[in-house]
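Let chain C serve as the given structure and place chain P on it in line with the hints.
Read top to bottom, the protein sequences are chains C and P. Numbering follows the working numbering, with no gaps: position 160 of the first sequence is 160. Just so we're on the same page, the working numbering is the position in the second sequence counted from 1, plus 1000.
Don't read these hints as lab results, they were simulated from the structure. Certain hints may be false.
With a straight-line Cα cutoff of 25 Å, these simulated DSS-like cross-link-like pairs (lysine-lysine) come out [said to hold, decoys possible]: (1) P:K1241 x P:K1022; (2) P:K1060 x P:K1204; (3) C:K214 x C:K320; (4) C:K287 x P:K1241; (5) P:K1154 x P:K1060; (6) C:K290 x P:K1241; (7) C:K317 x C:K197; (8) C:K290 x P:K1022; (9) C:K311 x C:K214.
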Amino acid sequence: MRNVLAIVIPAGAFSRTEAEILSAGRRLASQFGAELTAAILGPSDDSFARESFAFGAKSVIRVEGLAGYQSETYSIAAQQAAAAADVILFPSTTYGLEIAPGLGYRLGASVILDCVRLEGDSSGNLTITKPVYGGKANSELVARHGPVVIAMRMRSVAPGEKQDGATGEIRTIPAPTLSPRTQILEHQTEDAGSGPKLEDARIIVSGGRGLGNKENFVHLEELARILGGSVGASRAACDQGWVPATLQIGQTGKKVAPDLYLAVGISGASQHLVGIAGARHIVAINKDAKAPIFQVAALGVVDEWQALLPKLSDALKEHKARNS
Amino acid sequence: MFHLVVCLKQILDPEIPPADFKLDPAAQRAAACGSLVVSIFDENALEVALQLRESVGEAKITALSLGPPTAVDALRKALSMRADEAILIRDEDFPGMDAHGAARALAAAIRRLPPADLVLCGRETGDWNGGLVGAFLAAELDRPYTNFVAGVTKQGDHFHLRRQTDDGWEVVRSTAPAVITVTNDDHNLPRIPKVKDNMMAFRKQVPMWTASDLGLTPASVAGPNSRLEQARLYIPVVDRKCEMVGGDTSESRARQLVERLAALQVI
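Chain C with its partners taken away, still in its complex shape:
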């Protein structure tokens, strides 16, 4: 048996990110024949404890008196919460990826970031799947003993069933006191366009190098508006400064899981495909019939986007009018 601890770092309201990490933890704990504990790091109301129980935690550790995120303080708090844990799960958020390795270092734990699958067995063996080589290959690692710190890739876990009203034990530990060496001076939310957050979007219209310039993203915004979706981009488009880095999807950006992912002028480099592995339907529009994006797409159109997109907007508007 191995004790599993899920680390929850509140940022705004309880979101799918927390639901995923708790669900991954509950599944693993049940494979070990053990129970899941959740540690809530950061100021939060009761909703985070309530939701943690609903998503399968049997006990919750709250850290009393923690202010906003600070890496060293949160990392020590995580270490105190992890005293009895054998497997510690983080989400692969900026903060999760920042503190998970340092925690592992102090615990003498094996550390694996950006994992997509965990399989435990009743003897406590843990098999971890992690994409490597920018998503071109998968590595399966087996951890048989010693503590393990894992960061799960976002949108790689389907949130499990929720049991509203479930409760459990809440334990409170005091926040560590130390003189931190870093301090967040300013936090800005980048305007990610008018649509929903990329990670939560049901429909994403995404553009790449083929768009050619910044101004052409207007056409994607128009399409996203008609579809009620959000605009995303490949690394190539972000590196050119055509769109903010917050729109970047791929190995080095957001991982998304929409019902429909419409890739326009995106060739489909493996590092981009990593970010859309969770998409239900991928549709590719590209003038190059040999573009690798067509190998993962369910539907493809070989055409110049400049010619196709205006017609597509018209056809979608007509479809909407007919069905409303």
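This is chain P only, laid out in the frame that chain C set:
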């Protein structure tokens, strides 16, 4: 003098097409199926260091790589981008080295250099995508660590680090000396070396240190990640068939696409 150390790894070109990518089953890693390049974010890290040097006026930049003798080419690339010095730590005698060990070796090398005010690494390498060495290096050196940094300014005796977050960006104030890992953004695209700098880089001496020179032993570079056993390394099979939407004109293709999307019930 203000001293910046940039850690760079030489890796198999991550941009090679998936069709050309092959594994070496015996070695349990990628086969030599493409050229060797400087890992993507490591070049961004060097670019951030170069920009910081430009903004403070004077600074020394040391490029450090841990790898086989071929990694000297990665260091020459760094020199051609105008790093001042480059040092290779040869790792071929340490096959059991894990991310903890790599950080230990880099830390040992950094301690031999003039005191470093800032150590910069890429946020993860483009081969194993581990994302660990920078953070472990900060722990080894007992320095504050900040990740996803896209740009750095020096403010008095502190650094102001602009870093990407999940929903935007932050400015993090860090004491010096510090360790950061760098991600890409449109302000740190690696510069293209000038021809004369390429020639200069070729003539420059690159000292090679072995891990034994640094007082390391095979046992001291096998950290907790060497407890993990890689049971399988495989290329995932994509079993999807793309249905091409036909039609003679863009209009008819657009209409057929909408019909298919409606049939899939996604619009």
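How the hints compare with the structure:
Straight-line distance between C-alpha atoms of K1241 (chain P) and K1022 (chain P) comes to about 22 Å, which keeps the hinted pair within the 25 Å bound. Annotation: proposed proximity of K1060 (chain P) to K1204 (chain P) holds, straight-line Cα distance about 16 Å (limit 25 Å). Restraint check: the Cα-Cα separation between K214 (chain C) and K320 (chain C) comes to about 28 Å, which exceeds 25 Å; the hinted pair is violated. A hinted pair counts as satisfied when its Cα atoms are at most 25 Å apart, and K287 (chain C) with K1241 (chain P) qualifies at roughly 18 Å.
Between K1154 (chain P) and K1060 (chain P) the alpha-carbon distance is near 15 Å, which keeps this suggested pair within the 25 Å criterion. Between the alpha carbons of K290 (chain C) and K1241 (chain P) the distance comes to roughly 14 Å, so the proposed pair stays at or under 25 Å and holds. About 23 Å separates the Cα atoms of K317 (chain C) and K197 (chain C), which keeps this hinted pair within 25 Å; it holds. Restraint check for K290 (chain C) and K1022 (chain P): satisfied, since their Cα atoms lie roughly 20 Å apart, inside the 25 Å limit.
Between the alpha carbons of K311 (chain C) and K214 (chain C) the distance comes to roughly 21 Å, so the proposed pair stays at or under 25 Å and holds.
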